[in-house]
Each structure stands twice: as C-alpha cells, then as structure tokens.
Amino acid sequence: MSSMFGALGISASGMAAERLRMDVTSDNLANADSTKGANGQPYQRQEVVLEAGGQSFSDVLGNAQAGVQATGIVNDPAPGRKVYDPSHPDADAQGYVTLPNVNTVTEMTDLITESRSYEANVQAMDTAKQLYLKTLEVLR
Amino acid sequence: MGLFDLTDMVVQRGLEGASLRQQVLANNLANANTAGFKRSDVDFESTLSSALGSGDAGQAVADVSFTPQTDNTTSMTSDGNNVNTDSEMSSLTQNAIQYETLAAVERERMGMIQSAMGGN
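The listed protein sequences correspond, in order, to chains A and B.
Per this note's numbering, residue 1 is the first one in the first sequence, and the count goes up by one each step.
Per this note's numbering, residue 1 is the first one in the second sequence, and the count goes up by one each step.
Hints may be right or wrong, so weigh each one.
Said to hold, decoys possible - Cβ pair distances, simulated, as ranges:
1. B/T73 - A/D92: 31 to 39 Å
2. B/T101 - A/I112: 46 to 54 Å
3. A/V49 - B/T7: 24 to 32 Å
4. A/I73 - B/L3: 53 to 61 Å
5. B/S50 - A/L133: 42 to 50 Å
6. A/I112 - B/Q114: 33 to 41 Å
7. A/R140 - B/T93: 23 to 31 Å
8. A/D27 - B/A57: 54 to 62 Å
9. A/P77 - B/Q69: 32 to 40 Å
10. B/T101 - A/A30: 25 to 33 Å
11. A/N39 - B/N84: 37 to 45 Å
Please keep in mind that the hints were generated in silico from the structure rather than gathered at the bench.
On a predicted model such as this, the values are computed, not experimentally measured, just so you know.
By construction, the Cβ of each residue, glycine as well, lies at the ideal position given by its N, Cα and C atoms.
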C-alpha cells in the first residue's frame, strides 16, 4: 500500500521550493537600487528554476522522489535601466547610472503568487494529516 | 468465506486509491510553478467499478492496480504548465471526504467483526 507519508513529503518539498522563491524575490526587492555588487556591476535580478521530481509519477511512486525541487538560481540577463545622474558615484563617462533590472511591481506580484502557492501546499499537507488521523481511528 | 468479504476488500482498495490520489494531487500543487509540468490524476473509482463488474470480482479487486494518468493535452500558462490551483484544491477536498467516508465504513465493519468475536 502506498504510504500516506509520501503526500506529506511532496507537500513539504513544495513548501521548501516556494520559500526559496520568496527568499530570492525578497533579495531582488532589497537590491532594487543596488548599483554596485561584489563584482563591481549593478545587481542582476535572480530567478529560481524549479523541476518536477522524477520522470513520471508512477515510476517514482514509493521512492519518495516525487514533489518539486529547485535545481538552481539563475541571473536574469535583461539589461538594467539607465538613468541620467552625473553626480552619482557609479555614473559612467556620459553621466548615466545603470540601475538593476529589477521591476518592483513584478517582484511584488511574484511574491503574492509564491505566498499563495505556499498556502496551497500547507493546505494539502493539512489534508494528508487529517486522512492519516482518520486511518488511525479505524484501529480504535 | 474468510474474515474479510468483498465489501471489505473494495473499501480497503478504495482507501488505497484515495491515498494515492492525495499524493498525486499534492504533487500537482507542489509543481504549480514548475515550467512545463503537466498535471496527473488517478481515477481509482472507475478502475474499481470495472473490477467489480468482471466475472471473478474478488480476484479482480485483489489484482487491481491504480496508475496515475498525465494530462498532456492542456496548457494553462505560457510556460506549458497546466496546473489550476483552484481545481486541484477542490479535487483535494473531494478526495479527502471520500477517504474519510471509506475510513468510516471500514471502522464500522471492523466494529462488527469485533462484536462477532465477542470483544467490545
């Protein structure tokens, strides 16, 4: 019989993935105006790449490999915004400052999506827990 | 006839199917933001009902196996993902109620066996 604990693990993997996405989005928001990073370049917006665990669900069932996993955090290659501000210490020879390619509105909507997805996973985990407790009642 | 009759077997296999469906739906929700992911679902009710309709129902129900089916035909978002969180949540609730109903039936039947054995 397939284990109900599998469902708990699957939902936990979804929660972990969404939390990582929230971390990265918060990082993007915090650095929306960072004109210089460790490499001397303006901050580049980052994104989490998610991958479904296992090839097909029936293959991996019972091996607890289903669920979702983050396979990496990649930089968004889009160019940054250029703003004319000659007095800025990071301004180029023409007086333009390159700001990060972070759009605050995009990040805020991403944050809402991530938070809602996290809640959906919590709900699924709660349902699995309830079912597990119902099974215990059969034995009572 | 053994201690467990056909109804007990069907209820147990139904619990198994609902438990698998819970996992499949949880997996859909976990992958709601995975690019290119296609949702799966298990129709354990029709699998069980066709087993019940066959000649040797007892054997057919015992041999039944549930396989999740992937829906490759639809696309909800531009990244190829076809998970609709709302419909997954409603399926999840529906499946939970079904599981709880089956668990309640199983509990009753266990109670009958217990009282037949003189336990309390």
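Ascending list of hint numbers which this structure does not respect: 1, 2, 3, 5, 6 and 10
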